[in-house]
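**Student:** Protein sequences appear in the order of chains A and B. Heads up, the first sequence is in our numbering, so the first residue is 949 and it goes up one at a time. Heads up, the second sequence is in our numbering, so the first residue is 4 and it goes up one at a time.
Among the clues, some could well be false.
[Claimed, not checked] To be clear about the criterion: a stretch of chain A counts as covered by chain B if any three or more of its residues have a C-beta under 8 angstroms from a C-beta of chain B, and this derived list gives those stretches: (1) 991 to 1005; (2) 1028 to 1037; (3) 1051 to 1061; (4) 1104 to 1113.
Hint data in this document are derived by calculation from the structure and do not stem from the laboratory. Even for Gly, the Cβ is constructed at its ideal location relative to N, Cα and C.
One-letter residues, chain by chain:
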Amino acid sequence: MIQPAAGIVVWLGASMVVVGDGRRGLAAGIALSTLGLAVLAFVNAGPVAAAAIAAGGVTAAARRSVTGPAGWEVLAPGSTPRLVLCIATALVAFWIADAVTAGPVASLRFALMTGIALSAARVLSTAEPAAQLSASAVVALCAASVGAIGSSQPGVWPYVVGGLVAALLGWIPTRSPIAA
Amino acid sequence: MPPEALELLVIAAAALAFAVVFAPATASRRALLVRGGAGLAGTAAIAAVPTLDLALLVLLVLGALHAAVAGTRSFAVRLRPPVIAVAMLALGLLLVRVEAPDLVARFGAVGLVAGMAAGVGVLPYLHPIEPDEALTASPVAWLGFIGPVLAVVLVFRAQGALPIQAGGVFGGMLVGLGLLNMAWGGVAAWRTADEVAAWRYSFVADWGLVLCGFGLTVADGQRAALLVLAGLLAGRLPLYLISRQAIREKTTTRRPINLVVAAALAGSAPFVGFGARILLLRASTQIYWPLALVLALVMLLWLPGSLRLGRSLGQPRGRQALGVALILAVNVAAGLYPLPLLAAARL
């Protein structure tokens, strides 16, 4: 039961990043995704991989909690289409992970598909750098975990680098455009 | 590191050195060196890491750092392409690796091609462009500097990961996307109102040749793709850099040098683009000969756009004139004797 729960937690976290606009909401989204992905990494790749994901994700969430628009701003007025997107993505990803594809890591497939697709949609749909960088951190953590698909012994390096990238993204300076 | 990527890295380093030495006086050489050096280091990291998964993560960092460079486009607009590229590539890899019917792996191949297009900035994911933006912050940095090595790494590593049937879809997608980019880029470089956009579309058209070359999974196709990429780095990119001052001053001239540059940009003999086009046509006849007819027709679209771009170079003087002469000499040498380039890449 741990893996399915972790998959759902990743989806919840990515959904928080999609429907959240304030820094606390975005940080909570990153933290939830990190929690789910770290559990899945622990089961599929061992404690070092889980620790790397957890360290990177917690650093990214901590950094986000102090930078960006103030407050939670979760499900602000006008966010209904984003909520519908989150639910629809979960349904499609569940169908693909459970019925279309086979193998022992259905929860991981579900988590990665929802995490990557929702984060990419968030990056496309917003012009707010804090939300974009939060979604990018989730993409980094998910991309690091893709190596566990189709491999019985995934290496820990993608997890370590993914954690580092997620943490680093919080410190990227976001300048306003300069006049020509 | 794939030998093709190593070779392109060396050419990219030479292009950066050229840019620093021969850049117009209005450009900041220090900024070119620092930003170009950072881009080169990131590109080298993409090529050097042992797996595609790690290359995606490096690409994400490189894209975020590029978005942070001061420019006239917003951070959000510049961050989108690399993140979308990484997301699509990661989804593609996931679908390729799962235990599933062939159809799923084919969708994975589509994701890999789409991710590569988004990363490089070709159709169907052209990056927005601002005419006044610095070269290092503009989409041309992806099309002409980072893109060649990125594409080589993605194509060669993805081909190794794909099952046979999905590999066919991957090649077919590359050829289809290549034809689309050639036609669109050729027409747009000719008809668009803005000179900077015209140069960007000329890069896109060249990328069409590259994608077709990679898609035709025979040795001649790979050779053609490599020569076009070398031409992009050692010809089109430095010529674009030199032309920026004339574009800013809205100067167009019709002197012999402009015609020679137009010939080089159009891929006529004896420049490197000519050999690449011949190899591409030969590769297409080995796979499916009517494709060679289509390719030959689409290649004609380079002519009007290249004449326009040649005029936009203005009349280079002093150091810029020397730079143009050097570019043309290198392109003629590579066109007349491309064997060392191909041998270094083991093709």
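**Student:** Are the hints correct? Go through all of them and say.
**Tutor:** Here's how the hints hold up against the structure:
{"no.": "1", "hint": "991 to 1005", "result": "violated (count 0)"}
{"no.": "2", "hint": "1028 to 1037", "result": "violated (count 0)"}
{"no.": "3", "hint": "1051 to 1061", "result": "holds (count 4)"}
{"no.": "4", "hint": "1104 to 1113", "result": "holds (count 5)"}
The earlier numbered hints that this structure contradicts are 1, 2.
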